Amino acid sequence: MGPGDVFDRAAARAAASLSAADRKALDAAFAEIGADAPVLRRALATGAHVRAVASLAAAWATFDDRERAFVRDPLGRRTPGPVRILDVPAVQVDQTTCGAASLGMMLMMGDPFVAAWVATGRHIGDYVPLEPYMAEALSREVRTVEERWRSLQHELHREVRRWALAVAPWPRRFGTPPWRLDDAVRFAGVRFRTRLIDDRSRDDLAAFFAHASVALVDGIPVLLYVGGDIRGGLAAAIPRHVVLVVERLPGGVLVYEPGAGALFEVADEQMRAGGPDPVPGLGWWSRLTCVVLPAARRGVSLTA
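The sequence shown runs contiguously to residue 306 in our numbering.
The set of hints was computed from the structure by calculation and includes no laboratory data. The reader is advised that the hints may include incorrect statements.
Said to hold, decoys possible - DEER-style ranges, computed between Cβ atoms:
no., residue 1, residue 2, range
1, ALA208, ARG145, 44 to 50 Å
2, LEU20, PRO82, 37 to 43 Å
3, ASP205, PRO252, 40 to 46 Å
4, THR146, ALA269, 34 to 40 Å
Small disclaimer: the values here were computed from a predicted structure and weren't measured. Every residue gets a Cβ at the ideal spot worked out from N, C-alpha and C, and that includes glycine.
Input sequences plus hints: build the corresponding full structure.
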């Protein structure tokens with residue numbers, strides 16, 4: 003991602019508020035990590051204290067090559083194919099956690115502290131992000147990469163479902179409630195909003211492609227709910243699966259599909275209503291139902 007993306011802006015805002023002493027410590031951390039400065043910009047963009055950012059720089063040389071590569075880029079590729087967390091397939095752990103797995107991948111892409119925890123189990127200095135903290139508190143099974151990835155999904159699923167019905171949690175068997183996912187997203191200090199998509203509407207689809215493209219160019223992945231056609235019954239037509247759109251391509255998008263634990267190319271035409279064929283990159287569903295996008299700033303329309 004180039005200069006001026008969401009991480010650069012968030013890191014610049016955080017750095018601008020530092021004291022002279024903290025700024026000096028931050029400059030030393032960037033000098034120490036050298037060519038991997040983008041990792042520290044992502045770390046600073048999380049809102050973590052400069053001590054945690056400096057601790058990450060100090061610990062960086064103690065990670066092995068594969069661990070550093072994963073923290074740099076949790077997807078590990080920008081072409082279709084399997085996504086792995088070191089040797090572990092980055093798949094959803096059960097039929098209800100597609101939203102949690104997609105959210106977890108987005109979280110690791112935005113927060114190197116979380117990515118480092120999943121890959122290594124290590125805390126950076128005395129700083130532990132909330133999600134790993136809760137995963138460790140609620141599960142003793144965090145000794146391996148596979149266990150930490152599973153525990154992270156379970157914690158994110160628990161958090162998204164909590165109070166989804168105002169007075170009670172959303173039933174686990176029903177997956178991830180769309181109206182709660184935007185509140186659970188934590189990415190470079192950005193606020194998010196869930197929007198319904200009518201994929202039979204040319205205007206709705208144009209707005210989706212336009213705003214998703216802007217987010218992706220800015221370095222922000224896009225959570226997308228998909229389902230089936232009403233001709234398959236109401237159960238098929240409601241939001242059934244969550245994928246993560248990670249890059250805009252000519253005539254399509256690159257999508258992380260947690261059921262397969264892989265990246266797929268999905269053509270724009272495959273996302274338009276009326277296509278009867280299930281789409282592998284959409285988890286074998288065919289219709290768009292809603293999307294989680296950055297919330298509009300004051301005076302900016304998401305529907306224009």
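Tested hints:
1. ALA208 x ARG145: 44 to 50 Å: For ARG145 against ALA208, whose Cβ atoms are near 48 Å apart, the range 44 to 50 Å holds.
2. LEU20 x PRO82: 37 to 43 Å: holds (41 Å)
3. ASP205 x PRO252: 40 to 46 Å: violated (23 Å)
4. THR146 x ALA269: 34 to 40 Å: holds (37 Å)
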